[in-house]
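Undergrad: Residue strings, one per chain:
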Amino acid sequence: MMIRNSTGGMRLLMVAVLALGLACSSDEGPDAESARGGSTGSTGWDDPVTGQDMDGDIAGRGPEGAAAARRMGLKTVYFDYDRSAIREDGRAALRANYEILRGRPDVRVELQGNCDERGSAEYNFALGERRAKAVRDYLVRLGVSPNQLTTVSFGEENPSVVGHSESAWSRNRRVDFAVLP
Amino acid sequence: MRRVLVISLVGHVLAIGLFVWTPKPRASLPALPGGVVSVEIVSAPPGARPAAPKAVSRRAPKKTVVLPDEASAKPMPKPKPAARKEKPRPKAPPPRQKTLAEAMAELEKKAGAADELAAAPRTTRAAPAGAATGAVGVAAGSGPRRVDAETAGWLRRARIHVRQSWVLPPGFRTQDLETHVSVRLDGGGRVVGEPRVTRRSGNPWYDDSVVRALEKASPLPAPPDAGEWPFVFRPEDIL
Amino acid sequence: MRRLVCVVGLLLASLPAAAQNRPPVVVTDPNARTFKAAIQRFADNQAVPDAARITGLREGIGSALQLSKVFEVIDPRAFLGPDETVALEGVPPPLCPDWSQIGADALVEGTVITEPRGLAVQFRIWDVVRCRRLKLKRYFGNPSDVDVIARRIADDVVEAFTGRPGMASSEIAFVSDRSGRKEIYVMNADGSEVRAATRNRSINAFPAWAPNGSEIIYTSYRLGGQPTLFLLTRGRRKPGRLLSKVDESVPIYRGRFDPAGKRLAFVMSVNGAPEIFTSRRDGRGMKQLTRHRAIDISPSWSPDGQRLTFVSDRAGSPQIYVMNADGGNVRRITFDGTYNTSPVWSPDGAWIAYETRVGGQFDIWITDPDGRVKAPLVTHPRSDETPSWSPDGRWLAFSSARRGRNDIYVMGIDGKNLRRLTGGEGNNTSPAWGPAPGAR
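Chains as they are written, first to last, in numbering that gives the first Met the number 0: chain A, 0 to 180; chain B, 0 to 238; chain C, 0 to 439.
Among the hints, erroneous ones may be present.
With a Cα cut of at most 27 angstroms, we get these calculated DSSO-like pairs of lysine-lysine [to be verified]:
(1) 215/B <-> 134/C
(2) 134/C <-> 244/C
(3) 261/C <-> 244/C
(4) 286/C <-> 244/C
(5) 35/C <-> 215/B
(6) 215/B <-> 68/C
Hint data in this document are derived by calculation from the structure and do not stem from the laboratory.
Whole structure, please, built from the sequences with the hints as guidance.
TA: Here's what the structure looks like:
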């Protein structure tokens with residue numbers, strides 16, 4: 000009986016060795032990969048709608064801020080191409096805006112820098128920021144409390160006039176005022 | 000007997016030494032994709048623009064050899080520094096003068112050497128392995144090889160023939176790659192056995208492509224003698 | 000006897016030297032730029048073979064191969080060898096002369112094995128000129144993923160012959176306003192299968208890939224205040240906010256992963272001036288690299304992660320610069336023109352592509368990282384902007400206004416094979432070419 004067992008064991012061993020020998024001597028196995036890396040089931044990119052109704056606003060801001068600013072009489076400031084220096088007409092507008100804000104220390108205002116569509120989107124982010132900061136600095140020099148002012152840049156992503164001519168571009172190079180809630 | 004041994008030993012040591020030490024090519028300007036070196040020389044009058052949209056500066060073709068079995072491949076244009084001078088390039092920002100002069104000088108020198116046979120002097124490139132021994136009397140960068148007319152003719156025919164079989168995708172052409180291969184040819188020009196890479200380029204796929212070219216090219220034009228023949232492969236003879 | 004041995008020995012030893020005596024044939028400037036591939040119909044292990052799938056697989060491999068412009072596909076009617084793979088195991092290897100005689104460089108043969116859990120496609124790539132097997136590989140996938148598998152196989156064929164995989168199975172992220180808002184989208188490298196990555200109806204910009212190909216970093220105003228960086232992961236629905244320890248009132252934009260995927264470079268405004276920072280992925284170890292009143296933006300890593308190219312207007316106008324990854328050794332590399340931006344470093348480290356303003360519009364040029372050599376690449380009279388390199392460095396994607404609206408185009412780095420990828424819907428800009436799947 001023991002002999003039979005051991006014969007069976009030997010046979011098993013022989014088979015195992017043979018199998019191993021065959022496996023090792025055959026072609027190297029193929030590299031195996033899953034065709035779509037990563038997740039299973041999903042078809043790829045998905046970002047759910049956030050659930051906020053953002054129609055008509057700019058990047059999460061309601062239209063009320065701009066409307067409130069208009070009601071208060073706050074004026075938009077315009078700029079030359081590639082420049083962030085305040086022009087003569089800009090200075091006049093800002094002096095007028097200063098008078099309005101002086102009487103309303105409760106109001107907080109967002110200065111939104113914008114550019115026309117020409118140029119690199121990234122440089123326009125930075126240029127819009129420069130314009131907003133220029134307006135902020137001018138208002139602070141006039142006497143507005145810095146706490147009333149925040150700045151943001153939309154670069155070329157938020158044109159007020161869609162068009163490919165200087166008439167459209169000149170009206171997009173601007174800093175808008177929006178009243179924060 | 001001993002003298003012969005000593006001479007042979009010294010000769011082989013010299014051969015190995017020259018083979019191992021090859022002068023590095025002078026650090027040259029990188030080859031641009033499409034093989035073009037930027038030589039924007041003059042700014043044309045402002046306002047002038049090329050009428051048709053152009054993606055990349057083209058070099059005018061130097062060779063007019065039509066390769067019948069590569070109908071789909073277009074001849075690779077070669078740089079023509081003179082022609083580029085004439086072309087208006089209003090938007091071309093001229094590089095700094097010093098760099099430009101160097102680039103131009105280098106281009107002129109290499110363009111002049113471009114169409115020479117293998118037997119021509121190669122002053123700016125590493126010496127091919129074949130220059131190793133002193134037997135033929137040729138060292139790297141020295142005067143013209145002393146090659147008989149039959150061999151010279153065969154070198155030219157072999158070069159054209161093998162070139163037709165060499166497929167090289169664009170990605171390799173911008174690199175400074177050079178592979179040396181030794182091939183055994185029989186009397187009829189057939190490749191015997193496997194071509195042997197005697198100096199690798201550092202890029203194994205490039206080495207594969209040249210071995211493939213030689214195997215595809217078989218049979219080559221019948222060589223002056225059967226035996227081992229050395230080949231050198233470079234993607235561009237300009238840079 | 001000894002003399003004979005010595006003479007024979009010397010003769011033998013000098014045989015290789017005899018080859019050296021001969022002047023070499025110097026072969027240069029090959030004309031042919033594309034290999035030729037023969038693709039067999041793969042065998043199907045099912046009792047009733049799915050002919051449509053097998054045909055679709057061959058066509059998918061063929062069109063993906065042709066996309067690469069490294070291979071042409073031989074018409075199967077020209078085959079001397081069998082049109083269909085019989086089996087991969089237990090059969091003699093292909094008769095190479097049958098294939099090399101018709102001009103093939105590559106032979107692709109394979110089998111499709113349908114299992115309960117999906118498809119296994121096993122294939123072999125042969126160099127039929129040298130008659131050697133270059134690759135044996137297997138892909139698993141859902142039956143609906145046959146074209147994904149076909150693209151992967153094609154990229155493997157390109158890799159077997161050139162050392163770098165093709166780009167057929169890579170993807171391109173981009174920004175489109177087709178929905179009315181600027182959102183991030185992803186499409187295949189041939190322009191197919193456009194799908195939305197963001198739908199937050201805010202302003203989204205500047206997508207960039209992580210080297211693992213499973214994450215996209217982007218800039219968004221979705222928090223309602225300043226722009227900041229977000230990370231989207233393939234298959235996951237919610238994006239995560241990066242650099243969450245930075246106050247939301249600080250604008251952050253243009254984030255890019257380093258080639259190892261461990262660090263970020265990004266632009267953050269400090270005292271009103273945009274500066275370039277790096278940090279680890281988790282936001283720790285933040286380092287400010289530029290300290291200048293000027294605008295410093297658009298960082299792009301070198302492939303070895305040691306340097307960055309970026310844009311600065313510290314000299315009065317936006318120009319391209321290069322610096323070490325620690326901010327040192329800043330060098331300007333563009334000196335011509337008044338507006339040079341959007342630099343991106345090529346995957347082989349040899350080039351930086353950028354956009355330059357010419358007259359009133361933009362062209363795309365390339366420069367070596369030392370600024371010595373420059374060449375135009377895309378010079379259409381209407382604006383061509385925001386170049387992005389393919390993972391194999393053979394192609395550039397860019398945005399062009401040549402048809403009026405902005406569309407994404409790709410072009411070979413040798414100036415050939417221009418293709419438009421988007422069309423008909425919105426303005427499509429800011430392409431970011433993702434990594435090859437094999438790299439993930």
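Undergrad: Taking the hints in turn, state whether each one holds.
TA: Each hint tested on the structure:
Proximity of residue 215/B to residue 134/C is assessed by CA-CA distance (about 21 angstroms); at most 27 angstroms being required, the pair is judged to hold. Annotation: proposed proximity of residue 134/C to residue 244/C is violated, straight-line Cα distance about 48 angstroms (limit 27 angstroms). The hinted pair formed by residue 261/C and residue 244/C meets the criterion: a straight-line CA distance of about 18 angstroms does not exceed 27 angstroms. In summary, the hint linking residue 286/C to residue 244/C is supported, as the alpha carbons are separated by about 14 angstroms, within the 27 angstroms threshold.
For a cut-off of 27 angstroms, the pair hint linking residue 35/C to residue 215/B stands: about 13 angstroms separates their Cα positions. Proximity of residue 215/B to residue 68/C is assessed by CA-CA distance (about 21 angstroms); at most 27 angstroms being required, the pair is judged to hold.
In summary, the structure is inconsistent with hint 2 from the numbered list given earlier, while agreeing with all the others.
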